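Protein chains in written order, with the working numbering: chain A, 1 to 288; chain B, 289 to 576; chain C, 577 to 864; chain D, 865 to 1152.
Don't read these hints as lab results, they were simulated from the structure.
Everything numeric in this text was worked out from a predicted model, so none of it was measured.
Here a beta-carbon is modelled for each residue, glycine too, at the ideal position from N, C-alpha and C.
Hints may contain errors.
Estimated spans, in silico, between C-beta atoms of each pair [stated by the list, open to error]:
id, chain 1, residue 1, chain 2, residue 2, range
1, A, 139, D, 1108, 23 to 33 Å
2, D, 1110, B, 351, 30 to 40 Å
3, A, 248, D, 1108, 46 to 56 Å
4, D, 1147, C, 653, 40 to 50 Å
In silico negatives: residues of chain C with every beta carbon more than 12 Å from chain D [unchecked claim]:
id, residue
5, 605
6, 623
7, 688
The primary structure of each chain is shown beneath.
4 protein chains.
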Amino acid sequence: MLHTNENRATLLLSCPDRPGIVAAVSNFLYSNNANIVQSDQYSTDPENGMFYMRVEFDLPNFDHSFLTIKKEFEPIAQTYEIDWRLASAKRMKRMAIFVSKEDHCLLELLWKWRAGELFVDIPLVISNHSDLQQTVESYGIPFYYIPVSKETKQEAEAKQIELIQDHNIDFIVLARYMQILSSDFVQQFPKQIINIHHSFLPAFIGANPYAKAFSRGVKLIGATAHYVTDDLDEGPIIEQDVLRVNHRYTVEQLRVAGRNVERLTLSRAVAWHIEDRLIVFGNKTIVF
Amino acid sequence: MLHTNENRATLLLSCPDRPGIVAAVSNFLYSNNANIVQSDQYSTDPENGMFYMRVEFDLPNFDHSFLTIKKEFEPIAQTYEIDWRLASAKRMKRMAIFVSKEDHCLLELLWKWRAGELFVDIPLVISNHSDLQQTVESYGIPFYYIPVSKETKQEAEAKQIELIQDHNIDFIVLARYMQILSSDFVQQFPKQIINIHHSFLPAFIGANPYAKAFSRGVKLIGATAHYVTDDLDEGPIIEQDVLRVNHRYTVEQLRVAGRNVERLTLSRAVAWHIEDRLIVFGNKTIVF
Amino acid sequence: MLHTNENRATLLLSCPDRPGIVAAVSNFLYSNNANIVQSDQYSTDPENGMFYMRVEFDLPNFDHSFLTIKKEFEPIAQTYEIDWRLASAKRMKRMAIFVSKEDHCLLELLWKWRAGELFVDIPLVISNHSDLQQTVESYGIPFYYIPVSKETKQEAEAKQIELIQDHNIDFIVLARYMQILSSDFVQQFPKQIINIHHSFLPAFIGANPYAKAFSRGVKLIGATAHYVTDDLDEGPIIEQDVLRVNHRYTVEQLRVAGRNVERLTLSRAVAWHIEDRLIVFGNKTIVF
Amino acid sequence: MLHTNENRATLLLSCPDRPGIVAAVSNFLYSNNANIVQSDQYSTDPENGMFYMRVEFDLPNFDHSFLTIKKEFEPIAQTYEIDWRLASAKRMKRMAIFVSKEDHCLLELLWKWRAGELFVDIPLVISNHSDLQQTVESYGIPFYYIPVSKETKQEAEAKQIELIQDHNIDFIVLARYMQILSSDFVQQFPKQIINIHHSFLPAFIGANPYAKAFSRGVKLIGATAHYVTDDLDEGPIIEQDVLRVNHRYTVEQLRVAGRNVERLTLSRAVAWHIEDRLIVFGNKTIVF
């Protein structure tokens, strides 16, 4: 969605469900002159379940009120055991993109970014190959080539982490990055790494999904965008989509179809993350 | 959605947007021991716009609390100029179905009703033809055959209205009812009549949409479910869907495709109406 | 597709690809006064691949010409090592439906059959439960209740086979039949049994796919129609489809969504089988 | 589809339907050593209807055989009154793109072209604005800026036509070109100009379709790719698609959704044109 309002903020929260949460939150926001424009809530079970909420609101005198809210919500949060995050729609998140050689997901993100469809900063792109350097730089974005081999992996990840920290990156998008990140790396960025998997998970887990799909004779090709966790291909699913294919498709043509569904699926997931629409609960996501 | 909670109620409201509405409503519900399980809000514009809200909540001691809420919300409503409706998820709405000769929309509704997918009572089906009498009665539902001609239209509608009132009908579904209702009839049931139009409105308005679609060579066949207003084919759209077709389809085969998209589109719209997910604003609908 | 032409026949064939096949077949049909109205071909590889073809044609003086063609095509078939099947669009196939307790797939087939959308005879329905007897009989179709337990399975299948043979059944549809057929049974009806699997195969193989989909947090629910082979859930896929779901869906609501995608997917697969649009090659299908 | 075979050609033909056409064509191809790999046929009516056919085949000794076929098919064509076109899959078509200021359709085509998904040459891009000059040139494609005003339109079109002729252009894609071409221009390139219309035709004909869609409260946003004829928005439809939207979408957000469905719809239509999959009949298209 396009953000046109300079005074907009978003509050995301989760806590054990019990009566009074919505009233407490909305009273608090009201007393701080917030005007709620959109609000979504979800309870896994009103009795002993978890409660999730996303509120989007406008704040007059934004800069001052935003800080006040950030400070003064903590006591309420403690009362209700709320896990929360407050985001200003005005402040752009900072996104790092990791790529290898394939450019379709990268280009989809860059176009949407330049078209104003993704309200985000892209301070850098990191790649284990130099192929896409010129493409990335033509968008005015710095490109860092960090080759990765079995021997240099640890060192390469150290460099990546340094770059991410130096650039104050908020989240990382793996746009067909063909390296498996180490457990150490992943744990440094919990719920901050989005990957696109080239199959309709949990079907065709692992490598060569299009060859597998071909030999199984499927009639739909899918893609899955998910948060990255330690368990490869098992992180919380954000979005999935499919494209119709038929018996005439060769493995190569399935791959082409896959590219098209991958880039659309990933860019939707990234947009939702940017707009603070996603909450992870257990191994699932809520898309508000 | 399937209703499993015996203590659930839904509050739908609309009013001029201004700060404090959500806080007022949620305080009120909290003080009446309600536990909000789902809530959706939409503002056309935080400044001078309209505000729409749907809250689904559980009530301990349901029967007593429900009446209290119904009585005591009025003062709040007046303060904020709120137009509101409170519905018990426990109470089944009463739906009348109008049909002519085609059975596909009727049967889709009856199956979903018997399968428990539509939580609704169907006290009667009314038709201007007798063809579907046996089908309807095999579901244990009374069937009323009221033929309509130019001369008898007024009289026929009078009979229909009498039946609707006698059976305490909450809303009417025109499941391919091939008669145009009079302005008088429509005005007696505002936002209470759902029609399925056999095209992707506003394309192919009026009669013979499949012949028109055929001659125009379209690649998708659509259907539109909408509330009925005085302006034929111009009422607020509830749901639309399409089905892919190609040059091999004859007019008759387009009609078959149309039947399939019509019944799915209509049944989704009816389900949302039953679950109190729909608010009409101007000539549009909000689907919460 | 609706069949309106009384004089229509379909020839399906497969053989090793080599030049001249199309010419030989079309010359043969031409010399028998056939007028080709639709023809589809597919070659896995022009050099040393397999060639598949479907021709739909009109025959003047149908009954006589049809028999002539059936007799005289054999020499050509032998020359080109063609595996072939000739079907008259005039002759209705005879379909047996197997069900258990769930009626959604059964009813979809029965409605489409009565609406003339499935050009087929349904001489009987067989079930291991008696629940759907009345429903089936209200369509004027004989219902056979054959309970199945571990001990009686062999005997039950013997009864089923006898019924199928007595009624000259051409193919069997498992419309949510909750019994696994024995290897002996399956081998008697090669490429003649269509099953609907309640997941997007190969994801969620086996039992309880909706519980699995729920715990994995998927965003799409799928269904797969396939021919039954000895390998459970591994037969050639005919059709697949999906329906969008979200975090609010309970396991039960996923099941409801599943029912809707199952019945649409199965009925498309059955229609294609009836219209002789399907050729099995290896573990895949061609849908012409 | 990706072309991997160097020896492939495509024959497209249409003629009054009568027995023997397929036999005549396939005999002719066989006697010229062609090996048919795909063939599609469609008859509007076997009696007095029109017959359409597309054959894709491999030719050993390609260059020589292709010319022979081109020369020797004419007598057969005259016998059957066949309108035909023979294309070599080896020879790239030459595509000109017309744009104005919006880049989404242009970029989709350029990315697919560079990724090898569109097997085509793009000798030039013509625009009535200079905004996209740098973008186009970064792909190594010459960009011609030809401003158009009411007074200079005739002169501008003369320049455009000269460029198209000088570059031996086979077909033109209007990728959101915001000028109406004159009748003279259109008639010079029959069935050679593809346009993307920003609505689901025939709904919302003309300007500002997203404002119209917003005020009508539609639930799906569509796009239509069509061949350009003298009748604005009335040319033969090649492809249509839709995207789901809801009440939260502003006009601007509908426009963003529209951009995404436009670029996908247009690029599919262009791919089919490149692969010689399209035949225009009357005001419709056949997509083989």
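Hint check results:
1. Between residue 139 (chain A) and residue 1108 (chain D) the C-beta distance comes to about 30 Å, which sits within the given range of 23 to 33 Å.
2. Restraint check, residue 1110 (chain D) to residue 351 (chain B): a C-beta distance of roughly 35 Å satisfies the suggested window 30 to 40 Å.
3. Residue 248 (chain A) and residue 1108 (chain D) have their C-beta atoms about 28 Å apart, which leaves the hinted 46 to 56 Å range violated.
4. Taking 40 to 50 Å as the suggested C-beta distance range, the pair residue 1147 (chain D) and residue 653 (chain C) conforms, at roughly 43 Å.
5. Not every CB of chain D lies more than 12 Å from the CB of residue 605 (chain C), the least distance being 7 Å, so the non-interface label is violated.
6. At roughly 8 Å from the closest C-beta of chain D, the C-beta of residue 623 (chain C) falls inside 12 Å, breaking its exclusion from the interface.
7. Once the 12 Å rule is applied to beta carbons, residue 688 (chain C) is consistent with being away from chain D; the minimum gap is 25 Å.
When each numbered hint is compared with the structure, violations occur for hints 3, 5, 6.
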